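Enquirer: Just so you know, the sequences run in chain order P and A. Under full-length UniProt numbering, the first residue of the first sequence carries the number 1, and numbering increases by one thereafter. Under full-length UniProt numbering, the first residue of the second sequence carries the number 1, and numbering increases by one thereafter.
No wet-lab data here; the hints were simulated from the structure. Hints may contain errors.
Put simply, identical chains are the same to the list, so a pair is met inside one copy or across any two.
To be verified - Derived lysine-lysine pairs resembling PhoX-like cross-links, with alpha carbons at most 25 Å apart:
1. Lys266 / Lys531
2. Lys51 / Lys386
3. Lys403 / Lys351
4. Lys351 / Lys296
5. Lys21 / Lys351
Note that the structure is predicted; figures quoted are calculated from it, not measured.
Protein chains: 2
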Amino acid sequence: MLGAMQDWPLRVSTLIDHAAKYHGNRPIVGRSAEGPYVETTWAGVHAAAKKVAQALNHLGYGSGDAIGVMAWNTPRHMEVWYGVSGCGAILHTLNPRLFSEQLEYIINHAGDRVVMVEPDLVKVLEPLVPQLGTVEKWVVLTERANMPQTTLPDAIAYDELLAMADGDYEWATGDENDPCGLCYTSGTTGNPKGVLYSHRSNVMHALFASTPDCIPISSTDVVMPVVPLFHANGWGLAYTCALNGAAMVMPGRDMTAPGLYEMLEKGVTLTAAVPTIWLGMLQHLRQNKLSFSTLKRVVIGGSSCPRAVIEAFQLDYGAQVIHAWGMTETSPLGSVCSFKPEVASLGAAEKLDVQTSVGHPPYGVDLRITDDAGEELPWDGKHQGKLWIRGYGVVKRYHRMEKDAAEPGTQWFDTGDVATMDPNAYVRITDRSKDVIKSGGEWISSIDLENAAVAHPQVAEAAAIGVPHPKWDERPVLCIVGVNGARPPKEEILALVGEHFAKWQIPDDVIYMDELPHTATGKISKLELRKKLNGLGYVHPEAA
Amino acid sequence: MLGAMQDWPLRVSTLIDHAAKYHGNRPIVGRSAEGPYVETTWAGVHAAAKKVAQALNHLGYGSGDAIGVMAWNTPRHMEVWYGVSGCGAILHTLNPRLFSEQLEYIINHAGDRVVMVEPDLVKVLEPLVPQLGTVEKWVVLTERANMPQTTLPDAIAYDELLAMADGDYEWATGDENDPCGLCYTSGTTGNPKGVLYSHRSNVMHALFASTPDCIPISSTDVVMPVVPLFHANGWGLAYTCALNGAAMVMPGRDMTAPGLYEMLEKGVTLTAAVPTIWLGMLQHLRQNKLSFSTLKRVVIGGSSCPRAVIEAFQLDYGAQVIHAWGMTETSPLGSVCSFKPEVASLGAAEKLDVQTSVGHPPYGVDLRITDDAGEELPWDGKHQGKLWIRGYGVVKRYHRMEKDAAEPGTQWFDTGDVATMDPNAYVRITDRSKDVIKSGGEWISSIDLENAAVAHPQVAEAAAIGVPHPKWDERPVLCIVGVNGARPPKEEILALVGEHFAKWQIPDDVIYMDELPHTATGKISKLELRKKLNGLGYVHPEAA
Ligand SMILES: Nc1ncnc2c1ncn2[C@@H]1O[C@H](COP(=O)(O)OP(=O)(O)OP(=O)(O)O)[C@@H](O)[C@H]1O
Ligand SMILES: Nc1ncnc2c1ncn2[C@@H]1O[C@H](COP(=O)(O)OP(=O)(O)OP(=O)(O)O)[C@@H](O)[C@H]1O
Ligand SMILES: [Mg+2]
Ligand SMILES: [Mg+2]
């Protein structure tokens, strides 16, 4: 006997349908490729998305076809977002900052049959065309009148695509487990790996992401995703905004602090990006004595958020920080730092301490930490170990891999992160497994070292890595980029670090660099950093 | 090709697992059958629920078996709630205030194999035993030491049930569409009808109910469901509190205003009940010059909430009112009155007007209004018609019926309510189809008439019904219960009503009564009221 309730498949088209019907006039505005500023609404996005879907079907694309989209955060990207998934195809988001070999690899690996690309990004793809065997159709996200010169074969303009449709279209139907989107990991620890989201996983993620202890967004919010929609499923924001009928401000391609500030001042109440973006923003605010008129909340994740950033936003600029941890593989939210009653009544400084953790998992996410042997570790805030995750939004198997990534049966997925959990289930990411520094058999958290170092006013960026040591196996050293080329004395930096660490944990050396190597999503690449140090012939002073 | 994400079945056991693991210490407190006050936690409820489930399996009950539960809102009820569904059985909530024939009907119709009942309610069931053919096992929700004398055959006590289990138990697994709970409608318009919730429908409802524009509950909330868990799926609160890790205060059987006030003062931040409860509470507060120390939000639904109640809570007692509309058939939330940006900036009086509507549907619910021919009506706030609903939490077919209740294909379900919708999708329930007053072919809203009449300080309750009229077919009359037996002059009441209605809409007569007939959930029964008026030989003055 089954329950006798209605059984609607969880499809992402239900999200945009809801937004268009019940929040149809809510503005979706932003910078576009052609002009400075465009304005539409959820109803407008819905109507255009239907045309995109209908036109793709008309061209012969639909169920199960991968369609690559290389676009900035624009209102039009939202139309394409829902149009591609709505026609039954797979929205494959492309990060234009990937190395060309990586781009070539993921487009071929995904088997993209159509690629849609911003006019200013055709240059990124043109050289790859000969190697891209599966791409049959190129669409440039602009009007015919504004088409750039391009060697992309037979490229059509977005308005020409839309002209193939009259908008009288029913969304593709199908199983809720049908594939819906495809996003490759950032490639920080190796080659990007593909995560094939289903309609169901995306809707479930949008639902639990909207719960009060996660990242609740209401219809009165105006949300600006600074995090690109092509980074880790756009942090789910394209879905959660529709589900809750929030307005959106799309910043377009200008990721400079002045450019973003201008857009934040268009009524934005909630925004989201990686820490480096906010470091730049805070500098800009300070230098120009600016403040926010409407901003209430800032979601920060993707890398560990330094305490100073949290403090500045909250105390100096009146915006609450929501520190979140997630992965492409987890749709992406894994844990969010909201205040449970156990910590809600702590003093200001202690609450800030809590916020340097990545918080606790929402309903729909399950976590555990284990030692290397797979034995579960206690939640005492001290034991650190492998962090595992499972849930509605978590990958089972990487795209086109032979074997499951999650443990068969239990479905536990090894995040590759190292963490502690405290008795209230607050998680602290201390390292990536591959970046762990082990000195004399004991772990030293590279993330904590880095966060301690960037607290120095003249340190712009810091990376801690382990270098070989004759006696201790490995010892930590710090690579530092100074603010405007500054070289704050080694002793000063290490003294600052020493305030939070035991003596044996303090790095042995500080190496000054003009810049640190970054990945396509703006994270420090320890892989490249190690190569760079090797290239420089660096060895530990005591190993010289 | 399917998406390659993890596919966890939506089972309600995942809700209590989450609460116990990530919000384990959150208090679940309340009045019990035995003592004045008991305290447990989500971890405690979880542990006891596992024992309930294990013991039921041990006794031979499980997958698909209906288990009747007649209980007040107590911490123990929460244990039974998750225990019954957790063992694979169907939690059939029993309303002790139903007429005995109705109780007999629903227990037999459901085929309950076990019935669990509060010690003070065994008297309600004892006389029915001979007629209850399917019940094999009786459990009294108390300790053996406190067992009441009872003729329930071989009744065991709750602690004896728990003693059959050691708690080392894995929740029953199965399809997410397995039946999970069973609740019969209130019986306002006829015999109660059974709604068989699935695990999936309950989890989906809990998720969308938790979104910001619906009834967001966070882990810092302390929730007191005054609405009985046996009324309309307990308004979903047993699920949403677990999903969000909220604390709960369970008021037990004492539904008097002083009794409830005492419990509200135990830190409650959010509570929920039908309007009559709050009318009594407001009187109690005024008479005793009391105020609330912690209460922030009051959910009101089940019947239309008069404007004066909303105003008093918000202006005099600092608690925001959340006016909600729902049905047993819809899990139950259908629409909730939160402020969209279009109304958020209105003046205070206009915002109050908005709050007398039942708001707009959350994601997961779809609504439409039609005329009698099934043609969709415009959302202009004027056209009123049949209200239809569909969604994840909506019934497809009543329990053990031959035919679907929802329209095949479209799944639209006729709510039996009459409503208007405005351009922002705010819904106003003007009537039940069966109670509609049609004078000279034109509808007059009985709900609006009643709300206008109870604004009179000496009117405790009012019911508007249509009585036959020689010329106009039907004309409205008002049945009135005065505060403490008062009989405010007819002219005064009608003058008050006249402020909001056209002349032809004003009732022709006022009939004073000592009390109005109510259903088992405390709603005015128009069915019985009509019988009563007929019994009194009432005829319209102009028809006499
Ligand atoms: N708040 C945070 N604090 C610390 N680390 C974080 C935080 N949020 C995310 N991360 C890091 O980012 C990772 C997820 O990033 P993403 O999925 O974009 O790809 P990547 O792991 O950087 O690349 P790849 O998997 O290809 O090496 C997490 O596993 C974690 O290491
Ligand atoms: N906020 C509200 N305003 C007006 N009416 C409401 C509101 N909330 C609920 N209702 C009424 O309550 C009904 C649902 O109640 P419930 O499911 O408890 O059973 P019932 O309809 O009273 O009984 P039965 O269906 O057996 O006649 C709705 O259809 C509607 O008529
Ligand atoms: Mg990774
Ligand atoms: Mg009904």
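Enquirer: Now tell me if each hint is right for this structure.
Expert: Against the structure, the hints come out as follows:
| no. | hint | result |
| --- | --- | --- |
| 1 | Lys266 / Lys531 | neither (43 Å within a copy, 61 Å between copies) |
| 2 | Lys51 / Lys386 | neither (46 Å within a copy, 32 Å between copies) |
| 3 | Lys403 / Lys351 | neither (42 Å within a copy, 57 Å between copies) |
| 4 | Lys351 / Lys296 | both (18 Å within a copy, 23 Å between copies) |
| 5 | Lys21 / Lys351 | between (40 Å within a copy, 22 Å between copies) |
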